[in-house]
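Asker: Sequence:
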Amino acid sequence: YAAGEKIPEQSVSEELGVSRSPLRSAIRRLASEGLIEYYPYRGAFVKAYTDKDIHDAFAIRILLESYAISNIDPEALEQERGEIEALIARCTSGDRRDEKELDVLVHETAIRLCQNAALLYTKIGLFRDISIADKKMSDLANRSHAVMLRSILDGNTSKALHIVKKHLQESEEKVISYYRGSRKEGA
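Residues -9 to 177 in the working numbering are what the sequence shown spells out, letter by letter.
I should point out that these hints are in silico values taken from the structure, not numbers from a laboratory.
Predicted, not measured: the structure shown is a model, and the values here were computed from it.
Any given hint could be a false lead.
[As the list claims (entries may be wrong)] In silico DSSO-like cross-links for lysine-lysine, where the CA-CA straight-line distance does not exceed 27 Å:
1. Lys156 to Lys42
2. Lys90 to Lys156
3. Lys155 to Lys126
4. Lys149 to Lys126
5. Lys126 to Lys90
6. Lys42 to Lys155
7. Lys37 to Lys(-4)
8. Lys90 to Lys37
9. Lys(-4) to Lys42
10. Lys156 to Lys126
11. Lys90 to Lys149
12. Lys155 to Lys90
13. Lys42 to Lys126
14. Lys42 to Lys90
Could you build all of it, start to finish, from the sequences and the hints given here?
Answerer: What follows is the structure, given as structure tokens:
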């Protein structure tokens, strides 16, 4: 559904093979998380993200992931060293299968290493699908992920911070470009 478009409860309910009650619960939850807009007596609508919405989301991601990288627990790093090496290998393999899963694993690993449970439950992946949608951007993300993880393993926090910030800023630009294009098409 396009940004601003009404979400037809009946159609979605039929398409998913669920009754409208659990669908309405899901809609309320998505609305409470700011992912869709809900208006009583009018229904639910696909959220139309502005450049500011996107910038704000990525600014928070940069802050949270920078905090995590700056506060890595050395013990956790040693315990996960093998897993991180495996992630680096996946990032540099050129294999495009399960890219979204890989992206999630890389960022969650960086956050998990600081041993701050509250950070693990944040919504950092809001625009993830768009930012890795094309091969060029995905390849760039994988290279950034590999360098960031290697920097973490090597104890080079400043390099890891530089890479994650640059990576997320590039992703932000990609997402803004995507939404600007979809707004033009919908106009």
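Asker: Run every hint past the structure and note whether it holds.
Answerer: Hints, one by one, checked against the model:
1. Lys156 to Lys42: Holds, at about 18 Å.
2. Lys90 to Lys156: holds (19 Å)
3. Lys155 to Lys126: This hinted pair holds, its Cα atoms lying about 19 Å apart.
4. Lys149 to Lys126: Given that 27 Å is the threshold and the Cα spacing comes to 23 Å, the pair holds.
5. Lys126 to Lys90: It holds: about 15 Å lies between the C-alpha atoms, which stays within 27 Å.
6. Lys42 to Lys155: Holds - the C-alpha atoms of Lys155 and Lys42 are around 18 Å apart, at most 27 Å.
7. Lys37 to Lys(-4): holds (10 Å)
8. Lys90 to Lys37: holds (22 Å)
9. Lys(-4) to Lys42: holds (22 Å)
10. Lys156 to Lys126: Holds. Lys156 to Lys126 sits at ~16 Å (cutoff 27 Å).
11. Lys90 to Lys149: OK: Lys90 and Lys149 at ~24 Å, within 27 Å.
12. Lys155 to Lys90: holds (19 Å)
13. Lys42 to Lys126: holds (25 Å)
14. Lys42 to Lys90: Satisfied, since the Cα-Cα distance of roughly 24 Å is no more than 27 Å.
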